[in-house]
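A.B. asks: With chain A fixed as given, assemble chain B onto it according to the hints.
There are 2 protein chains.
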Amino acid sequence: MALSELNDRLRFVLVRTSHSGNIGSAARAMRTMGFDRLTLVAPQRFPDPEATALAAGADDVLAKASIQEDVVAGLAGTTFALGLSARRRGVNIPELDPREGVAQAIAAARRGEQVALVFGNERTGLENDELSRCHAMIRIPSVDDFSSLNLSQAVQVVAYELRSALLADEVTDAKSPEAVPDPDEVPADAEQLERFFTHLGQMLDDIEFHKGRSPVTIMLKLRKLFLRARPELRELRILHGILADAQRMAEIAHKKD
Amino acid sequence: MALSELNDRLRFVLVRTSHSGNIGSAARAMRTMGFDRLTLVAPQRFPDPEATALAAGADDVLAKASIQEDVVAGLAGTTFALGLSARRRGVNIPELDPREGVAQAIAAARRGEQVALVFGNERTGLENDELSRCHAMIRIPSVDDFSSLNLSQAVQVVAYELRSALLADEVTDAKSPEAVPDPDEVPADAEQLERFFTHLGQMLDDIEFHKGRSPVTIMLKLRKLFLRARPELRELRILHGILADAQRMAEIAHKKD
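Chains as they are written, first to last, in the working numbering: chain A, 1 to 257; chain B, 1001 to 1257.
I should point out that these hints are in silico values taken from the structure, not numbers from a laboratory. Keep in mind that the hints are not guaranteed to be accurate.
To be verified - Result set (EDC-like, lysine to aspartate or glutamate): computed pairs, CA atoms no more than 20 Å apart in a straight line:
no. : chain 1 : residue 1 : chain 2 : residue 2
1   : B       : Lys1224   : B       : Glu1191
2   : A       : Lys224    : B       : Asp1189
3   : A       : Lys255    : B       : Asp1048
4   : B       : Lys1224   : A       : Asp189
5   : B       : Lys1064   : B       : Asp1048
6   : A       : Lys64     : A       : Asp8
7   : B       : Lys1064   : B       : Asp1036
8   : A       : Lys256    : B       : Glu1251
9   : A       : Lys255    : B       : Asp1189
10  : B       : Lys1255   : A       : Glu208
11  : A       : Lys221    : A       : Glu208
12  : A       : Lys221    : A       : Asp205
13  : A       : Lys256    : B       : Asp1206
14  : A       : Lys64     : B       : Asp1145
15  : B       : Lys1064   : A       : Asp145
16  : B       : Lys1211   : A       : Asp145
17  : B       : Lys1255   : A       : Asp189
18  : A       : Lys211    : A       : Glu251
19  : B       : Lys1255   : A       : Glu251
20  : A       : Lys211    : B       : Glu1251
21  : A       : Lys256    : B       : Glu1208
22  : A       : Lys255    : B       : Glu1208
Said to hold, decoys possible - Simulated restraints on C-beta separations:
no. : chain 1 : residue 1 : chain 2 : residue 2 : range
23  : A       : Ala63     : B       : Gly1212   : 53 to 61 Å
24  : B       : Gly1212   : A       : Glu100    : 44 to 52 Å
25  : B       : Asn1128   : A       : Pro94     : 45 to 53 Å
26  : A       : Leu233    : B       : Asn1128   : 52 to 60 Å
27  : A       : Ala53     : B       : Glu1005   : 38 to 46 Å
28  : B       : Ser1066   : A       : Arg195    : 55 to 63 Å
29  : B       : Arg1234   : A       : Asp59     : 47 to 55 Å
30  : B       : Asp1189   : A       : Pro215    : 23 to 31 Å
31  : B       : Glu1005   : A       : Arg195    : 51 to 59 Å
32  : B       : Asn1128   : A       : Lys64     : 36 to 44 Å
33  : B       : Pro1094   : A       : Ala63     : 21 to 29 Å
Unchecked claim - Computed footprint of chain B on chain A, listed as stretches where at least three residues anywhere in the stretch have a Cβ under 8 Å from a Cβ of chain B:
no. : segment
34  : 204-214
35  : 240-250
Glycine residues also receive a C-beta, built at the ideal position from the N, C-alpha and C atoms.
This is chain A alone, in the form it adopts within the complex:
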């Protein structure tokens, strides 16, 4: 896979970045490895001279950065998201090292998917709610007693691994023809999945599933299950149909109560 093709299918998503200098450093780090698609979710300050200064010439990356309000908007159009995280969290999704994560990201891009690499706030990382929208987590193998990489350093490590993997591919399978994906067999994107989870949550309310249990916990567990399955759009259509029919039954049942 060519670098430009991968770049077209890959975005770096920085979530709630506090220091605009880090945005600039991250842009530079991406650019050195040939990537220029940056999404900023609710940055504290942007644009900012500090970001421009530390981009050190990668101004084009900053100029065309996409600014979004929340992670759902930041992931719009993507079908595969990997979240960077320094430590195990409540969200129990697969934990990959950067090399494994990058291999999965490239495999997804090769199938024509849009991929997101998601980096959290400098101090607090990704919230569970944000991480729960990711299919897997990348953990950079830092030491236990000093585990926190600077944000732009984490971006650099991942961008470097991406480029190294591409270069290794060039060497090994230079002449493999690109597979053309069936558009109906591509996993649903983040927005389509969100609509499904919203519908699922409503249906659980309608059938009175929670009964004192925490809806949040259950939804996180169901999210994890369905993210792992990576449903295709046509599969989501079936699931929506099932949810709608169960809701219809609940409506009749409630009406007649």
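C.D. replies: Then chain B, alone, in the frame of chain A:
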């Protein structure tokens, strides 16, 4: 080879660093990967509050940094030196990518050698005279039209590769005992899955989902989806609960028809 052993035989040498912030960032980058032996050759300003601020807690690395006048002094006691360089220079020494370079560094340390990783000035890199004291050159594979990594980013990439190589060694040559899986986190077995699919089929009948569509085709599609997710037993329990509640609603709805 243990991390602490490698650390004892490895130093990071920063040559003529202009920005003391970069010294701090480099110290932090080293520290996250378990390294703390830093040599500063003719730094422009050190110690400096900027270095301390960006070390973000890796003060111990700065506190015991060795300050030297020139590269010859900085390399004293080492037998193997690798110089980072962004581009080919007049000095004709072997050019390695970071993974190859790190493999050679670890091999040398394993033989009991003292190893140096040498990083040049931010703007000018290593002078030919400095590079000529290195046994090989590591080139981080940046793109041609934007090849210059920030100094501390280069340190991070090399430190990360060192640690990754050590961890890979542990996996392959430590004959690690089989991890004992949490019985609750194991994917459900075939019988448990069959019970779930049977239940799912009954529920679809109860909520009148099929309406002339082939139950067989739909069930095959749902099977495929859930098999891909490989549900754990505790996840199946949640799904059974949802199915049962939807059935209960359907029962009330039908009773009152």
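A.B. asks: Does each hint fit the structure? Answer for all of them.
C.D. replies: Hint check:
1. Lys1224(B) - Glu1191(B): Holds, at about 16 Å.
2. Lys224(A) - Asp1189(B): Satisfied, since the Cα-Cα distance of roughly 19 Å is no more than 20 Å.
3. Lys255(A) - Asp1048(B): Given that 20 Å is the threshold and the Cα spacing comes to 73 Å, the pair is violated.
4. Lys1224(B) - Asp189(A): 19 Å, holds
5. Lys1064(B) - Asp1048(B): This hinted pair holds, its Cα atoms lying about 14 Å apart.
6. Lys64(A) - Asp8(A): 13 Å, holds
7. Lys1064(B) - Asp1036(B): 9 Å, holds
8. Lys256(A) - Glu1251(B): Holds: Lys256(A) and Glu1251(B) sit about 12 Å apart, inside 20 Å.
9. Lys255(A) - Asp1189(B): 40 Å, violated
10. Lys1255(B) - Glu208(A): Given that 20 Å is the threshold and the Cα spacing comes to 18 Å, the pair holds.
11. Lys221(A) - Glu208(A): 18 Å, holds
12. Lys221(A) - Asp205(A): 16 Å, holds
13. Lys256(A) - Asp1206(B): Given pair Lys256(A), Asp1206(B) holds - Cα atoms ~17 Å apart, limit 20 Å.
14. Lys64(A) - Asp1145(B): 18 Å, holds
15. Lys1064(B) - Asp145(A): 18 Å, holds
16. Lys1211(B) - Asp145(A): The hint is violated at about 60 Å.
17. Lys1255(B) - Asp189(A): Status violated; Cα separation ~40 Å.
18. Lys211(A) - Glu251(A): At roughly 18 Å apart (the allowed maximum being 20 Å), Glu251(A) and Lys211(A) satisfy the hint.
19. Lys1255(B) - Glu251(A): 14 Å, holds
20. Lys211(A) - Glu1251(B): 19 Å, holds
21. Lys256(A) - Glu1208(B): 18 Å, holds
22. Lys255(A) - Glu1208(B): Since the Cα atoms of Lys255(A) and Glu1208(B) sit roughly 18 Å apart, the hinted pair holds (cutoff 20 Å).
23. Ala63(A) - Gly1212(B): 53 to 61 Å: 55 Å, holds
24. Gly1212(B) - Glu100(A): 44 to 52 Å: Holds, at about 46 Å.
25. Asn1128(B) - Pro94(A): 45 to 53 Å: 47 Å, holds
26. Leu233(A) - Asn1128(B): 52 to 60 Å: The hinted range 52 to 60 Å holds for Leu233(A) and Asn1128(B), with Cβ atoms some 58 Å apart.
27. Ala53(A) - Glu1005(B): 38 to 46 Å: The hint (38 to 46 Å, Cβ to Cβ) holds, given that Ala53(A) and Glu1005(B) are roughly 40 Å apart.
28. Ser1066(B) - Arg195(A): 55 to 63 Å: 59 Å, holds
29. Arg1234(B) - Asp59(A): 47 to 55 Å: Since the Cβ atoms of Arg1234(B) and Asp59(A) sit about 50 Å apart, the hinted range of 47 to 55 Å holds.
30. Asp1189(B) - Pro215(A): 23 to 31 Å: 29 Å, holds
31. Glu1005(B) - Arg195(A): 51 to 59 Å: Distance hint for Glu1005(B), Arg195(A) holds at roughly 54 Å.
32. Asn1128(B) - Lys64(A): 36 to 44 Å: 38 Å, holds
33. Pro1094(B) - Ala63(A): 21 to 29 Å: Violated, at about 39 Å.
34. 204-214: Holds: 5 residues of the segment 204-214 of chain A have a Cβ under 8 Å from chain B.
35. 240-250: Per the Cβ count (7), the hint holds.
In summary, the numbered hints that this structure violates are 3, 9, 16, 17, 33.
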